[in-house]
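2 protein chains.
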Amino acid sequence: MKIQGALGYSQNEIFQNERLLMIHADDAGLSHSENIATIDALQKGSVNSYSIMVPCPWSPEMMEFAKNHPQFDNGIHLTLTCEWEKYRFGPVLPIKEVPSLVDENGHFYKKRELLKKHASNEDVRKELQAQIEKALAFGVKSTHLDSHMYSVASRPDFLDIYKDLGRIYDLPVFLNKQLINEIGLDSDKCLDENDRVTDHLFLGSFADFENGKLAEYYDDVLDNLPVGFNVLILHPAFDNLEMQGITVNHPNFGSEWRQMDFDYFTSEKCRSKLQKNNVQLVTWREINDALKNLRD
Amino acid sequence: MKIQGALGYSQNEIFQNERLLMIHADDAGLSHSENIATIDALQKGSVNSYSIMVPCPWSPEMMEFAKNHPQFDNGIHLTLTCEWEKYRFGPVLPIKEVPSLVDENGHFYKKRELLKKHASNEDVRKELQAQIEKALAFGVKSTHLDSHMYSVASRPDFLDIYKDLGRIYDLPVFLNKQLINEIGLDSDKCLDENDRVTDHLFLGSFADFENGKLAEYYDDVLDNLPVGFNVLILHPAFDNLEMQGITVNHPNFGSEWRQMDFDYFTSEKCRSKLQKNNVQLVTWREINDALKNLRD
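If you're matching them up, the sequences are chains A and B in order.
Numbered according to this note's numbering, the first sequence spans residues 9 to 304.
Numbered according to this note's numbering, the second sequence spans residues 9 to 304.
Errors might be hidden in some of the hints.
A pair holds if it fits inside one copy or across any two, identical chains being indistinguishable in the list.
Claimed, not checked - Calculated lysine-lysine pairs in the PhoX-like style (CA-CA distance at most 25 Å, straight line): (1) K94 <-> K281; (2) K124 <-> K104; (3) K149 <-> K119; (4) K197 <-> K119.
Hints were generated in silico from the structure; no laboratory data involved.
Start from the sequences, fold in the hints, and give me the full structure.
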């Protein structure tokens with residue numbers, strides 16, 4: 009496997025015949041439903057990487073799983089927002105230490121816009137570092153860093169902190185031009201030749217979900233995967249009382265959608281498509297090892 | 009209604025023909041399952057009072073319900089322990105401010121014994137006061153104070169703090185001799201003539217649960233209720249994935265038990281027994297009003 013090309017190292021023909029894919033479950037730790045569905049999708053489905061929201065109440069369960077199952081690729085889903093209405097959480101640090109990150113009740117803001125407006129970069133750095141330190145102290149051997157709602161791309165200084173934490177902890181960080189541009193930054197200005205960038209990101213859209221075309225979208229992704237390093241992000245959970253409570257009034261990435269994600273990526277159809285299309289699954293651990301070999 | 013006798017005011021014949029009962033749901037706020045079951049049991053069942061565990065991740069949902077439904081009696085279930093294995097929570101205060109209350113991961117101890125051994129009374133007072141203040145700041149009009157796992161009876165100094173907080177916030181506190189003695193204090197030494205003590209406490213036992221005799225126990229309580237101020241404590245929740253996850257390896261007050269509690273106290277049988285036996289349901293709000301009238 010020629011990882012270096014996948015990470016933008018050398019923009020050449022290396023990937024003409026190679027389609028690398030990471031099938032990544034975001035939001036582990038959010039709830040028990042999310043945890044059990046993620047664990048099932050790793051152990052019985054096609055998901056091969058996931059990341060944990062350390063500030064969430066169910067993160068100890070998922071960190072324990074990560075500790076006891078180091079064979080699975082696992083990252084820290086750095087969290088600065090809580091988009092839910094009635095299920096609220098906040099920083100791992102005392103709110104007095106990071107007052108610019110929280111609303112009047114001491115919880116994270118629901119929207120990136122509020123974070124962008126109110127957060128100081130000192131508080132962002134302190135809190136993100138504390139999340140990483142908390143996972144490490146728990147005994148989790150993390151393989152990568154990524155970001156909930158990709159809120160690290162809310163401001164250029166946040167993105168710099170994010171990349172810097174990757175350097176400090178020697179962990180790859182998830183970077184993608186399309187996503188950075190969608191959140192509102194200019195990826196040409198924010199990224200340079202030292203950044204390892206994923207080539208293509210695939211994420212279901214609310215329109216596809218609403219129109220009942222999510223499985224069709226995933227079919228299409230797996231059947232027409234471009235060469236390069238591709239990342240597909242899903243949010244597996246069971247559509248049960250707990251998830252319905254968490255995602256109330258928020259069908260976008262809501263409980264029903266998450267069940268569909270779980271169903272698709274544990275299906276036989278998904279497995280056979282990956283095989284038929286000769287997709288090579290890749291983890292952050294493999295990428296990390298390849299990068300280290302390159303450096304040595 | 010002659011409340012004063014029920015609270016130990018005058019030990020006379022007032023209650024010869026009066027059986028007062030509070031049917032109290034503990035642990036609201038613990039989880040979404042607990043919240044929805046508690047709300048159902050209040051609105052459709054025979055439960056007439058409940059209390060909220062402020063430090064729990066689902067407490068905002070329950071505090072919002074309390075705020076929007078002030079007609080229901082609601083207390084603060086002061087919390088200093090977290091008995092669950094994988095679902096962990098800790099103080100509302102920064103752990104640096106109350107270091108004697110938490111384990112190595114910053115969560116509450118699982119057992120009262122550890123709390124008794126390690127906690128300073130300064131930290132207990134600060135944390136309990138912070139829990140009350142958090143509920144008040146949220147806009148909840150609380151009617152009473154009680155205590156999760158009755159951990160306030162772990163040490164005489166904790167019980168004094170608990171009673172003192174009742175005076176400070178002008179709220180009745182749940183006191184019961186039997187429970188105090190069971191936890192390990194001497195109720196004769198801890199209580200005096202100023203304390204308003206509930207006459208009888210009814211709480212299902214693990215033996216009854218294991219032997220499938222919980223409903224039989226509740227039948228018996230309702231059919232043979234003594235005169236005086238009786239409190240029956242239950243823990244309603246749905247036996248679903250979330251509660252099974254929370255109570256894993258802990259069948260005592262576990263998920264299955266909580267479903268049985270919900271089923272019984274929303275049943276027609278329970279309702280008709282209350283009617284047939286001429287049981288008078290009473291809330292802390294009514295008791296509080298009666299106590300205030302006595303004082304005026």
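Quick rundown of the hints versus the structure:
1. K94 <-> K281: neither (39 Å within a copy, 36 Å between copies)
2. K124 <-> K104: within (19 Å within a copy, 28 Å between copies)
3. K149 <-> K119: Neither. Shortest intra-copy (30 Å) and inter-copy (29 Å) distances fail the 25 Å Cα cut-off.
4. K197 <-> K119: within (24 Å within a copy, 54 Å between copies)
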